[in-house]
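> Make a model of the complete structure from these sequences and hints.
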Amino acid sequence: MALLEIEGLSIGYGTRNGLLRAVEDVSFTLEAGGSLGLVGESGCGKTTLGMALMGLLPPNGKIMAGKILFEGQDLKESTEEQWRKIRWRKISMIFQAAMNALNPVHRVGDQIAEAISTHRPEMPEREIMERVAELYRLVGIPVERIKDYPHQYSGGMRQRAIIAMALACNPRLIIADEPTTALDVIVQDQILKEIKKLQEKLGLSIIFISHDISIVAEVCEDIGVMYAGQLVEWGPKEAVFENPVHPYTKALLASYPTLMGERERLRPIPGEPPNLVSPPPGCRFCDRCPSAGKSCKSQAPVWAQVGPRHKALCNACS
Amino acid sequence: MTGEHIVEFEGVTKIYKSKASLFSRSSEEVVALRDLTLNIRKGEIFGLVGESGSGKTTAGRLLVKLEEPTEGVIKLDGTDITKLKGGRLKEFRRNVQMIFQDPYQSLNPQVSIFEAVCEPLVIHGIGNSGNRKEMVEEMLALVGLSPPEDFLARYPHQLSGGQRQRVAIARAMILKPTMVVADEPTSMLDASISAQIFNILLDMRERFQVSILFITHSLAAARYLCDRLGVIYKGSLMELGPSGVIIAEPRHPYTQALIDALPKFGQCGSVFHYGTLLAEERRGIEDGEGKGTKEFCPFFPRCRPARAEKCANAMPRLENLSPGHAIRCFFPARPSLQVETAGSSKCYYGI
Chain A
838 MALLEIEGLS IGYGTRNGLL RAVEDVSFTL EAGGSLGLVG ESGCGKTTLG
888 MALMGLLPPN GKIMAGKILF EGQDLKESTE EQWRKIRWRK ISMIFQAAMN
938 ALNPVHRVGD QIAEAISTHR PEMPEREIME RVAELYRLVG IPVERIKDYP
988 HQYSGGMRQR AIIAMALACN PRLIIADEPT TALDVIVQDQ ILKEIKKLQE
1038 KLGLSIIFIS HDISIVAEVC EDIGVMYAGQ LVEWGPKEAV FENPVHPYTK
1088 ALLASYPTLM GERERLRPIP GEPPNLVSPP PGCRFCDRCP SAGKSCKSQA
1138 PVWAQVGPRH KALCNACS
Chain B
128 MTGEHIVEFE GVTKIYKSKA SLFSRSSEEV VALRDLTLNI RKGEIFGLVG
178 ESGSGKTTAG RLLVKLEEPT EGVIKLDGTD ITKLKGGRLK EFRRNVQMIF
228 QDPYQSLNPQ VSIFEAVCEP LVIHGIGNSG NRKEMVEEML ALVGLSPPED
278 FLARYPHQLS GGQRQRVAIA RAMILKPTMV VADEPTSMLD ASISAQIFNI
328 LLDMRERFQV SILFITHSLA AARYLCDRLG VIYKGSLMEL GPSGVIIAEP
378 RHPYTQALID ALPKFGQCGS VFHYGTLLAE ERRGIEDGEG KGTKEFCPFF
428 PRCRPARAEK CANAMPRLEN LSPGHAIRCF FPARPSLQVE TAGSSKCYYG
478 I
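These protein sequence lines map, in sequence, to chains A and B.
Numbers in our numbering are just positions in the first sequence, counted from 1, shifted up by 837.
Numbers in our numbering are just positions in the second sequence, counted from 1, shifted up by 127.
There could be a bad hint or two in this list.
DEER-style ranges, computed between Cβ atoms [stated by the list, open to error]:
| hint | chain 1 | residue 1 | chain 2 | residue 2 | range |
| --- | --- | --- | --- | --- | --- |
| 1 | B | 180 | A | 1146 | 38 to 46 Å |
| 2 | B | 284 | A | 893 | 21 to 29 Å |
| 3 | B | 284 | A | 920 | 47 to 55 Å |
Derived by calculation from the structure, the hints in this document are not laboratory data.
Owing to the predicted nature of the structure, the values given are computational and were not obtained by experimental measurement.
Ideal Cβ positions, reconstructed from N, Cα and C, are used throughout, including at glycine.
Given below as structure tokens:
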């Protein structure tokens, strides 16, 4: 049994202009110990998906259809009470710009201790403080810094503290949403290597969400490409990079430069993603697609199997 | 008074002082830029690459006169800009424009796109009510906001980040400046949108021969966009030269560390790893008894190939390794023996 199975998940937001179909019919599985990178432009639904996996959709967000099977149980039906038992203990999250989420007037160590005591109220204080020290050693922050305040930490250290907080209760799955935005190149590289090392060492499963495929490639084994709320390509990263099938994936990869060889003009994708309040009936990428077929505009695309674990949502790709 | 260079920084130093206050007993000094000397050629796209705290943004702000240098001289087309006043200052403003990092903050939300792009024309008395609309439309089309008529009446909140940044470029270019400072114009945009913005900047340079100072944290973006680049660390230039040369043959340990750290995908197995960054910083390098009396290479605490006898006791000077390629290092790397393997040109990098 896979650790996480998403089946036909659709999520919508109620807005003044109507229902915004932010995630449409997404299905994938994540095995225990696996690492998946969810990649796509802003507005593609990847963050919404991540929030849904933690039961953290805003009040106007609603799961319209589908299942979220975690350890065999459908989380979609969970009550707030049940979510509280899952959050942080089974699934935890590193949010976007999380390092700015540390409370500036409390010591960092205390904030991590609080994360532990909130979700494990039965744990004695001494044990909690020992766990905090263990976490600091795990993520590479000097233990003497436990009593410092967030402003005394560098950006990289704050991010490590956030990772420590996410690991505090030994979750099985971590959802990291753009965890390295706002970090310098060298610090980002160190944090990514740290995440990968921890993932391997602790046997964690990880879903890494980013608009930047190069970052995701550093950490994840599998890649899922999202566009306008849909999963459009999926597979092991080597397969997707070697043989990208969906025109959007191809276009996304062409947005990145090489360092060696001829300096060729990047070929970015013209246009903008569609309005998700009234998405087009057929393929949502049709308007921007260089290889659109005649029926793409009106007929919804179906999955095409490209390789043993590699698939693309496309009628015109074979 | 015209020569080969459009911009010259000569020994430019910028020190920020914070005054003593209720919360700190003494005033503090931050040396943002230390003795910066560099030239930008006419029609060139020059990249200034560095991490936060490097001083790269300060250099840009000094060039557009949002700040004044503490020491040193900045010249635009041979003229010292630090002394400009009145009419000549206004002329300067027409010639030097800036594109900011945050497209969500740089456009006035109460002003329509037409007004935002037209405003520079009005301020500088260019055109008249008869032809300004046409000039704005032409510029919007050039930055890819097509059809331009659709955008004139819109407001910033109705545009995406990428579209807003195009408007910012249109607004900067409508005066046909000779120099544009682009301060991390894509760090807040998705990678695929960034590529669009880079190509627009290349188009602008081709069309208008405008010179561009491109400030970035990404060596990969700088290599793509720039003719020459300078790597800056804690207020000092560490390496300077043609972008192709610096990327293929970086000689400064910090440049090499930046290249190592770039996220990448594709066939990257054969990419050379320089390994010049220490896992842990060397401790105990303080400023000596008095602040600023002890000179040392700012990269020393993190530099693997450094040797304390030289690097912790003196500041190396920026010197030419070969014509056009300068480096500030006591122990520059030997030219690497790496051969450009076929695979490494199929390795793609984050921007």
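> All hints, please: hold or fail.
Going down the list of hints, with the structure as the test:
no.: 1; hint: B:180 with A:1146: 38 to 46 Å; verdict: 44 Å, holds
no.: 2; hint: B:284 with A:893: 21 to 29 Å; verdict: 26 Å, holds
no.: 3; hint: B:284 with A:920: 47 to 55 Å; verdict: 34 Å, violated
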